[in-house]
Amino acid sequence: MTQPGTELDFTHVGAREGEADSIKRPSLGYFQDARRRFKANGAAMAGLAVLALLAALSLAGPLAVPYNHEDGDLLIANRGPDSEHWFGTDDLGRDYWARIWVGGRVSMAIGILAALLQGCVGILMGSLSGFLGGKVDLVVMKLVDFLMAFPYLVWVTLLMLVTGAGLVPMILALTLTGWLTMARIVRGQILTLKHEDYVVAAEAMGASAARVILKHMIPNTMGVIIVNLTFAIPAAIFSEAFLSFIGIGMRAPMTSWGLLVSMGMKQLYSYPLRLLIPCACISLTMLSLQIVGDGLRDALDPKLRR
Amino acid sequence: MKRTVIALAVVLLIGLASASAAPAPQKIVFADVVEPISLDPHIGNDNTTTTAIMMVNDGLLQNLGGKFVPGLAESYTVSPDGAVYTFKLRDAKWSDGVPVTAQQFVDTYVRMLTREDAMDLAYLIYPIKNALPLKEKKVDASKLGVRAVNARTLEITLEGPYPFMKALFASSPMFPIRVDLAEKYGKDYGNSPDKLVSCGAYLLKEWKHGDRLVFEKNPAYWNAKAIRTPNVEILYISDANTLKNMYETGEIHFCVLPADIIPAMEKKEGFHYYNSGAVTFLCFSNKGTSPDRAKIIQNRNFMNALSRAIDRADFVKALYPSNVPFTGVVNPSINDQMGGKWSDNYSVADKYHKEKANIAEAQAFMKKACQELGYASADKMPVFEMISTEGELNRTVCEYFQNVWKKAFGLQVEIKQLAFAQYWDNFYGAPYDIARSGWGPDYDDPFTYLDMWDSRGGWNKTGWVGESYYKLITEANKQSSMKKRNDMFYQAEAILLQEAPIIPVMARRGAYMLNEKKIEGVYFNIFAPNLDFRFAKLK
Amino acid sequence: MLLALITISFFVIKLIPGNPFASERMQPGAKKAIYAYYGLDKPVYEQYYLYLKNLLRGDLGVSYKIRSVTVNEVIAKSFPYSLDLGLRAIVAAVAAGLGLGIVSAYRRGRALDTFTMILATVGTAVPSFLVGFFIQYLFAVKLRWLPVAQYTSFAHTILPSFALSLGMLATIAKYARASMIEVIYADYVKTADAKGLSKMRIVLHHQLRNALLPIVTLLGPMVAMVLTGTFVVENVFAIPGLGRYYVTSITNLDYTMIMGLTIFFAGFLVVMNLLVDVVYVLVDPRIKLS
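Protein chains in written order, with the numbering used here: chain A, 1 to 306; chain L, 307 to 845; chain U, 846 to 1135.
Here chain A stands alone, though its shape is the one from the complex:
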C-alpha cells in the first residue's frame, strides 16, 4: 500500500534536489501535480468522461423527453425502443428512458452521499482515534474491529428492516456500516503524521488539536481519502442494488438502478432489455469509478511524483 509522506519518500526527493541547484520545472503544488499526472493517464480520463456522461444523462436525461418516471399510459405498455420512447416502455407504459435516468439520479445520490457521510464519520473517528491515542484509540479500534467482524450487508439489511425502505434510511444504514475502512486508513495516516516535524512544530506553537488535525493532518491524508472515497461510491451503489434485490430498496414510485435491475431480473426472459440497460449503467459506473480511482491513486501517490 502506498504511504505518502513517509520519511523514506521525503529523503528520496531530497536527494534529488541535491543534484540540481536550479529549479528545473515550475513549482507545482501537490494537487496541481496530481492533476497533471491524472490528465496524462488516458484510461483514467476515459473513465472520467464516461462518468461525466452518465452523470449528465442522469441529470438532464429525463428532461430531454416529454415524459416523467411515474406517469404511464397503459395503452402503450411493454413497447420496444422506438423514436418516441428511446428505451421502450415498461409494464405500466412508463417511458423507460426517463425511469433509467431518474433511477440514475437516485443511485448516484446514494453512492455519493453515502460515501461522503461514511468519509466524514470515518475521518472524524479515525483522526480522533489516531491523534488522541490511548483509551479513545483503544475503544474506537475495538468498535471498528467489532463491526468489521459482522458481515456488512447483514448489518445493513437488519437496519433497513428496522427503519423501513427509503432513501434516507438507506444512506444512514450504509453510513453506519461503511465508515470503518475509512476510519482505519485515516488513523493509520494520522499515526504516521503525528511525529512529522511540521505537526510537532504546530503543536509547539500552541495550535489546538482541532487546528492541527484540520489544517495540517487531514490535508496531508487527502490523497488517500479521495481514493478511498472513489471506491466507496461503487460499493454503496452495489449495496443499494443488493438491497433492492432482496426486496428492501426505495419507496414507490421512486426508482433506482438497483430496483430497475431487480425488476428486470424477474422479466429477464420476457423483456431482456429491461435488465440489460440498468445493468449496463451500474456496471459502467462501477467500471469507470474503479479506473478513475486507480488513476487517482497513481496520481496522488508521491512515490510516483516526477
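There's no promise every hint is true.
[Claimed, not checked] With a Cα cut of at most 27 Å, we get these calculated DSS-like pairs of lysine-lysine:
| no. | chain 1 | residue 1 | chain 2 | residue 2 |
| --- | --- | --- | --- | --- |
| 1 | L | Lys-501 | U | Lys-922 |
| 2 | U | Lys-922 | L | Lys-574 |
| 3 | L | Lys-574 | L | Lys-657 |
| 4 | L | Lys-824 | L | Lys-845 |
| 5 | L | Lys-824 | U | Lys-987 |
| 6 | L | Lys-333 | U | Lys-922 |
| 7 | L | Lys-660 | L | Lys-713 |
| 8 | L | Lys-674 | L | Lys-657 |
| 9 | L | Lys-501 | U | Lys-877 |
| 10 | L | Lys-845 | U | Lys-987 |
| 11 | U | Lys-1035 | A | Lys-142 |
| 12 | U | Lys-922 | L | Lys-767 |
| 13 | L | Lys-573 | U | Lys-987 |
| 14 | L | Lys-490 | U | Lys-922 |
| 15 | L | Lys-647 | L | Lys-824 |
| 16 | L | Lys-501 | L | Lys-333 |
| 17 | L | Lys-686 | L | Lys-601 |
Hints listed in this document are in silico derivations from the structure and should not be mistaken for laboratory results.
All values reported here derive from a predicted model rather than from experimental measurement.
Once you have looked at the hints, place chains L and U on chain A.
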C-alpha cells in the same frame, strides 16, 4: 501456467462427461417457487403444500379433473334431502399397517375444530352439523355430525344440502390423519419421514428442508396398481427464471408459472393457461390509520371515485395479460350448481363497478365526497397508506393505483411493501388504510367467495359488518332449490359491492407448463392442488 | 466481543416491526399458544437471558417459520453446501486469478494481458447474479453442457462456483499482475537468473511469494464477499445453502433464524480472519512469530 490451463481443461472435461453420462430420470420431478409448509393437512392449504399432502394421503373421494371417483370410500349414499352422506370405507391400510377406520375420520375432524395451534382451516368444514358450535365451544365433540357407524362405515350429517361437498371430500383439509401419532409427535407431525404415516399413493422418503421432498411408491396403497411411476420429487426452486430454464432443459417435468415469467413462456411447447378461480381486491379498513382517514374511507362517493378511476381492462392487458378484468365478488366462471357458470344468470359486470375507467365520472364522485366530508379537494385529504407484500410485480401494481389516483384527484397514496409476515401482521392486527388482497376458492361454488366476508370468519379485516348479508348467505345454504340459493347469493353479492369497502380488480388465470408429449395422466383441477400427478407416467 | 454482537443483533431484531407468526388464517388462540411456546410472552430481558443461556449450550433455538426445525439443524444441513460452494469458488479464483495474473505480468501488452485486464475490470463491475443467469442460460439452456440448477453432482457445482468466483478472480488477477510486475526486475530475481536457475523455479520460489502477499490480505474480505455472494448465487442455482436461508428468514421475520445465522456468520468471519493472519505470517518471510 500451462498446468493451470490443463487442470482447468481436465476439470471441464470431467464435468461434461459426468453431465452427459447422467441417466434419464426415472422419476417425475415437479418444482415450485415455494416449499410445502408441512404434510399435516391442517397446517397449510397453499398449492404446493396440498400437492405434497396429496402424495401421501387420500380423500374419501378423488377429484380426477372434475370427475369424482371413489377414494378411501369404495361407495357412498346420499340421503334424499342431500344432507346425510354415508360412506362405505374400503379395506385400506396406513403405511405402518394400521387399517383406515371411520373413527379416524371422526377424530380428524374433531381435532381440526378444536386445535388452536394451526392455521384456521376449520371454516371449511362448517357445513358439517354442529361444526361451528363446536368450534365456538358451545357443544361438545360428541354432537358433531360425523359418526363412525362401525369400523368401515362413516356417516356425515350436514347443516343443509351443500352442493359442493363432494369436492371437499376430495380435498386435503378433509383427508384423514392419524390423531394418535399427531398427538405423540406434536409440532413435528408430518415434517419428516419418520414422523408421518401414509395412506396415499406414495411414501415420503426424504425431506431435505429448503431443497426437496422425495417420494417413493407406496406398495400398500389400496390402488397401487394404478401408480405407474416409482419415484416422485418435489423441488423447491426459489427463482422463477431458474424454474423456467429447468423446465426447458427437462430437469423438471412440469411447474406452475409465476406471473412475471408468463410472457416469456406463452409461445413455448407445453404452455397452458388455467382458471385459478382467484379474484383480487383492494381492501380498505373502515377504521383506517386515523379517525379522519376512517371517515373518508366510509364515504361511499369516495369509494366510487377510486373505483371509477381504475381502468381494469387496460391494467390487466398491460400487467397480467393472462387475467380477466373483474367487477364483482363471485368469480364469473364458478359453478352455479345448475349446470352452468355463475355469470350465465348472475352477472354483476359493470353494475356496481365498471371495467373501463371514466375519469370525469370519477372526479364528479370525488367532488361530492369532498363536499360531504368538508375537504376543498382530494389533495387536501390526508395521505393514505397502501400495504402490499414484497415483489417487483406487486410494486408495479401499487404504483399504478398510486399514479392513477394522483393524476385524477391529486390524492396522495404512500406505498408500503412489507415482508410477508409483516404484511399479514399489519392486515390482521395493526391499522391500515388500503391493502392489496385476493382470494382463491376452496371449492367450486359461489359460497367460497361469500363466506369469507362474514365478519366472524376471520378473513374479513375491513371492519365492515353486514348483518343482513350474513343472514342471507346462511339462509341460502339451507335452500334445496339451487335457483333460490343462487338468487339469495346474488342479493348478498350486491349488498357487499355497495356497502363493503372493497374494490374488485381482476379475476386471475394462472399458467402452467406440462409437456403432454413427455408425460401423461396428470389431472388438472382449478382448486388447490392444481396438479394431481399421482397417476402420471413418463413417456 | 461476540457477546456484544449477540446483544446488539438481539435487540436490533426485536426492533423490527411485524409479527413472525402472522399468516393468512391464524386463529387468535393460536397466536397466544405459539407465543407461549416460543417464550415470546415473557419480557424482553428475560427472553434475552434465556437466549444467552441456551447459546452457551450451543443451542441457537428453534426456527419460528420452518416447522419443527432447529437453527442448529439448518446450519448443520445447509452450511456444508455453502462451504463447499465457497471453497470451490475461492480455490478456482485463486488458481485462475494467480495464473492469469502471473502470465500476463510476463506477457505485458500482449493479447493475454489485455484479456486479463478486461476480465479484471469487468469481473469486478458485473453483479454476480447477472453472471449467474448469463452462464446458466449459455451453458445449460443453449449449449446443454451442464445442468441448470441444484447441487447434486460435480457437474452441478461448476456454474455456481464460477459465478461466485468471477469477482474474486478478477481482483486476484489484478493484484497478482501488479505485484509480479513489481518484482520482475527486482535484484534478487536478477541474481537468481544469473545463477542459472530455471525460469519456473524463479517464478515459483522467488516471485510467487511476493505476489501472494497482497492476495493473502485480500482473502479476509473475500471470505465475507463470498458469504454475501452466496445469498444471490444460491438463489439463482437453487442450492439449499445458508445464504438462501438467510434471505428467506429475513422476509419471514424468522427471528431465531436471523439471530442464529448472524451469530454464525460473524463467528465464522472472526475465525476466518484469524486464519488469514496465520497464513499471512506463513507466507511473508519478513514477519516472524515472536
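Keeping to a limit of 27 Å between CA atoms, is the pair of Lys-845 (chain L) and Lys-987 (chain U) held or broken?
holds (24 Å)
Between Lys-574 (chain L) and Lys-657 (chain L), is the straight-line Cα distance small enough, at 27 Å or below?
Violated: Lys-574 (chain L) and Lys-657 (chain L) sit about 38 Å apart, past 27 Å.
Need the status of pair Lys-647 (chain L), Lys-824 (chain L): alpha-carbon distance at most 27 Å?
violated (33 Å)
Given the hint that Lys-674 (chain L) pairs with Lys-657 (chain L), does the C-alpha gap stay at or below 27 Å?
holds (20 Å)
Given hint Lys-987 (chain U) paired with Lys-824 (chain L) - CA-CA distance at most 27 Å:
The given pair, whose Cα atoms are some 20 Å apart, holds under the 27 Å limit.
Has the given pair, Lys-501 (chain L) with Lys-877 (chain U), been kept, meaning a C-alpha gap of at most 27 Å?
holds (26 Å)
Pair hint Lys-922 (chain U) and Lys-767 (chain L), alpha-carbon separation not exceeding 27 Å:
violated (40 Å)
Restraint status (C-alpha distance of Lys-1035 (chain U) to Lys-142 (chain A) at most 27 Å)
violated (44 Å)
Are the Cα atoms of Lys-490 (chain L) and Lys-922 (chain U) separated by 27 Å or less?
This hinted pair holds, its Cα atoms lying about 25 Å apart.
Pair hint outcome, Lys-501 (chain L) versus Lys-922 (chain U) [Cα-Cα no greater than 27 Å]:
holds (19 Å)
Taken at face value, is the distance from the CA of Lys-845 (chain L) to the CA of Lys-824 (chain L) at most 27 Å?
holds (5 Å)
Would the hint linking Lys-501 (chain L) and Lys-333 (chain L) be met if the CA-CA limit is 27 Å?
holds (24 Å)
Of the numbered hints given earlier, the model fails hints 2, 3, 11, 12, 15; all others are met.
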